[in-house]
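**Q** One letter stands for each residue in the lines below.
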Amino acid sequence: MPPYPRWPAACGQADRHIVARMPGALLIAMASLMFCCGAAAQPVTYRAQVVTDVRLDKSFYHNAALTLTFAADTGDAGPALDPSGNPVSSGVCNFASFFWITKGQAALTIESHGEVIEAAFLPNQLFVAADICAGGIGIGSYVASGLEPGYPLSFTRGSSEYYAGGNNNVFAPTFQVSGNAFSCIGYASLDGPGGACASPDGYPLHTDRGDFFVYMPYTGWQHNAMRTYSLNRGTFSAVPRVAQDDQAAH
Amino acid sequence: MNTREMLRPVRLLPVIFLALAAGGVRAEPVTYTLRTVADGALGSFSFYEAQVTIRLHGDTANVATETNADGGLVYVNRIGQASVTVTLGNKTVAAHFAPDQVYVRYDTESGVVGFGSPASPSYPVALGCANTFNLGGYTQDCAQSPFTLTGDAAIYATASLDNGLADSLSDPSSRSQLSAGARALPISLSRTTLLTGIAHSCPAPYTTFPYQSTMIAIASCPAKATLETDHGLFYLQDSYGFGQSAYVDGDINNFSLDHYANVGALQVEVMRRSDFSYTLRR
Numbered sequence: 000m001p002p003y004p005r006w007p008a009a010c011g012q013a014d015r016h017i018v019a020r021m022p023g024a025l026l027i028a029m030a031s032l033m034f035c036c037g038a039a040a041q042p043v044t045y046r047a048q049v050v051t052d053v054r055l056d057k058s059f060y061h062n063a064a065l066t067l068t069f070a071a072d073t074g075d076a077g078p079a080l081d082p083s084g085n086p087v088s089s090g091v092c093n094f095a096s097f098f099w100i101t102k103g104q105a106a107l108t109i110e111s112h113g114e115v116i117e118a119a120f121l122p123n124q125l126f127v128a129a130d131i132c133a134g135g136i137g138i139g140s141y142v143a144s145g146l147e148p149g150y151p152l153s154f155t156r157g158s159s160e161y162y163a164g165g166n167n168n169v170f171a172p173t174f175q176v177s178g179n180a181f182s183c184i185g186y187a188s189l190d191g192p193g194g195a196c197a198s199p200d201g202y203p204l205h206t207d208r209g210d211f212f213v214y215m216p217y218t219g220w221q222h223n224a225m226r227t228y229s230l231n232r233g234t235f236s237a238v239p240r241v242a243q244d245d246q247a248a249h
Numbered sequence: 000m001n002t003r004e005m006l007r008p009v010r011l012l013p014v015i016f017l018a019l020a021a022g023g024v025r026a027e028p029v030t031y032t033l034r035t036v037a038d039g040a041l042g043s044f045s046f047y048e049a050q051v052t053i054r055l056h057g058d059t060a061n062v063a064t065e066t067n068a069d070g071g072l073v074y075v076n077r078i079g080q081a082s083v084t085v086t087l088g089n090k091t092v093a094a095h096f097a098p099d100q101v102y103v104r105y106d107t108e109s110g111v112v113g114f115g116s117p118a119s120p121s122y123p124v125a126l127g128c129a130n131t132f133n134l135g136g137y138t139q140d141c142a143q144s145p146f147t148l149t150g151d152a153a154i155y156a157t158a159s160l161d162n163g164l165a166d167s168l169s170d171p172s173s174r175s176q177l178s179a180g181a182r183a184l185p186i187s188l189s190r191t192t193l194l195t196g197i198a199h200s201c202p203a204p205y206t207t208f209p210y211q212s213t214m215i216a217i218a219s220c221p222a223k224a225t226l227e228t229d230h231g232l233f234y235l236q237d238s239y240g241f242g243q244s245a246y247v248d249g250d251i252n253n254f255s256l257d258h259y260a261n262v263g264a265l266q267v268e269v270m271r272r273s274d275f276s277y278t279l280r281r
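Those protein sequence lines, which keep their order, are chains A and B.
Using numbering that gives the first Met the number 0, the letters of the first sequence map in sequence onto residues 0 to 249.
Using numbering that gives the first Met the number 0, the letters of the second sequence map in sequence onto residues 0 to 281.
So here's chain A without its partners, still in its complex pose (with noise of 0.2 Å):
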């Protein structure tokens, strides 16, 4: 667990009733001023690896190795907003602790039984997302509810959470982290009785191969807290990417 740079009392139960009071104009106006600093735009490939079981158009493959990439910029981070324009809660701490990058370009590698498949999502469709709050990062997506940070791969527990609660810089241009895998529409529903991910068979994601779905088919049921959990784990990270990178992908 490495020494990451947090903020001093991130989810602090003062700082949360202070901020819960401010209006929603002030609390977009903090979160982007919190975040802008000592983020110098630069080109990053955020990449997200895990084993687990996808589907690419017609194919479908048992304990895969799917990496989702998510080439963007550092400098396009900012508050996360839901549709009508408000920041985004965590639902742990009742400020705007949801910040991501929409603009980018996503592609995805399946390897399994030697053979290695490679598609890029047409645009629009997902973004990088992290919630300093509780602790989680990951490739989210607009399908379902039209804000699924948990689908198609995000992280949380492990070093992911320790590296992304209250990290300011959590979009940096490098650094490598692990987590509890969750590929979970719905994640905020997994609390309480019955809690459970939506199937993605009815959210495609599109790619220039054909529809895609990541499947989450290793979970556990913790009675104490009433929630359902991953057993699945894997991989979050960044990547510089440099001039060639962008003419190569060109």
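Hints should not be assumed to be uniformly reliable.
[Stated by the list, open to error] Computed footprint of chain B on chain A; a stretch qualifies when at least three of its residues, placed anywhere within it, have a C-beta under 8 Å from a C-beta of chain B:
| hint | region |
| --- | --- |
| 1 | 155-168 |
| 2 | 175-189 |
| 3 | 227-236 |
No lab work stands behind these hints: they were computed from the structure.
Ideal Cβ placement from N, Cα and C applies to all residues, glycine included.
Start from chain A and add chain B according to the hints.
**A** Chain B alone, transformed into the frame defined by chain A:
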């Protein structure tokens, strides 16, 4: 002959059965791939919180069975070509291990799985080791999973958010809490499966130190053990290992230390393509 000795042949029956079953598996190529994040060095490349992938290409015919200290079944595969890849930002360094440096080990009773070496059966990486703290101190135990703990320690181990597939599958009493997909995973090194858990990357027990006034925190790895590769010596040594504080005051005298630790996954992929990659027909 005491009762324990009398029961020993009975306790070994499942081991014998599973060993025979394992022996009957057809010889097929298999790749074991463990992915995690860790600290260490590979040759002259020192890294901190880097992506580490250790891989062994072998054959299912070489999966052997052993027993642990309690008589539980342990699968090992010691024969194959092993490699390590370390990625930190834009830099990636890859190397092949010298012969007999690492092997795959899966203790099915404790639910601890990973790569072992001459330094330790749980080093360079083990997934699913137990970590507990109580008034007696911190215990790292790669011979048992959180599910095999008893007493106070078990309170925080049962169905924890931090338990992965490796230790959850080893506990018969928790299987009803697992999804159908998890329950269907083979407990095997000879069949395609997935095993996950907290990652230990240290040849010795982690250390702790006081944190604030009432807690201990931040266990680190106090030792390193080098393994030979064609790119120089390789070792893993967690700088910050486990970050969860443990309360040492009042009634909360035991707490998981796992919360912020790096985690990992071991993918067992038997190269029998027709069985595992197919076209959906709906």
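**Q** A separate judgement is required for each hint: does it hold in the structure or not?
**A** Checked hints:
Evaluation of the coverage hint for the region 155-168 of chain A: fulfilled, as 5 residues show C-beta separations to chain B shorter than 8 Å, against a requirement of three. Evaluation of the coverage hint for the region 175-189 of chain A: fulfilled, as 5 residues show C-beta separations to chain B shorter than 8 Å, against a requirement of three. For the region 227-236 of chain A, the proposed coverage by chain B is satisfied: 7 residues have a C-beta within less than 8 Å of a C-beta in that chain, meeting the threshold of three.
This entry satisfies every hint, going by the numbered hints stated previously.
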